[in-house]
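These protein sequence lines map, in sequence, to chains A and B. If you read the first sequence in my numbering, its first letter stands for residue -7, the second for the next number, and so on. If you read the second sequence in my numbering, its first letter stands for residue 2, the second for the next number, and so on.
Treat the hints as calculated values from the structure; they're not laboratory data. Just so it is clear, CB atoms sit at the ideal spot from N, CA and C, and this is done for glycine as well. Every clue listed holds true.
Computed footprint of chain A on chain B; a stretch qualifies when at least three of its residues, placed anywhere within it, have a C-beta under 8 Å from a C-beta of chain A:
#1 43 to 56
#2 87 to 99
#3 104 to 111
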Amino acid sequence: EDKVVQSPLSLVVHEGDTVTLNCSYEVTNFRSLLWYKQEKKAPTFLFMLTSSGIEKKSGRLSSILDKKELFSILNITATQTGDSAIYLCAVGGAGTALIFGKGTTLSVSS
Amino acid sequence: ETGVTQTPRHLVMGMTNKKSLKCEQHLGHNAMYWYKQSAKKPLELMFVYNFKEQTENNSVPSRFSPECPNSSHLFLHLHTLQPEDSALYLCASSQELLPGGDGYTFGSGTRLTVV
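The shape of chain A in the complex, shown without the other chains (with noise of 0.2 Å):
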């Protein structure tokens, strides 16, 4: 069965920290991972990686994937309160619709 792992689930830090979020999968036949931040309501599109090693930058957010491994990083440097979100993480194997997992609760406080 297809999964997508996320950790930790919660994370408390304090404002110009840096973190890493995780997510690993087991996918058949993947096709991407994508990242999304959800603050209120709509999941906002990050990030989608598809070849490992490839950096993708946006900002203090940066993500990158490792295929063999099967596992994904989310690093948010110099954190700031609005960072303040649940991540999701997503994956695209065979089937038509992507894979979530739980997410990662980050909470920055001043």
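Position chain B relative to chain A; hints supplied.
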């Protein structure tokens, strides 16, 4: 606004009621999805539509009935729900079934409470 609009934002219904959730997108996307988000669980895929044809029903109970009259609109008809059906129902769309660089676009969801 994301370009995917869901109504209503909140819904409280009794177990004997019939109600419908609506999702609308004008992004020109061809695929639309219903997901259920419950506390401490992964987003659960419910239904997938591609070019208004249903391509996947993820073993969803018959008390949930989807309808896709065209590529821009998706409904979820609800009847005789159970309290455990209380959750956030998210609609999403994508250009194609295997999303490209921008993944899915999600709506803000309908928070459903069954009493």
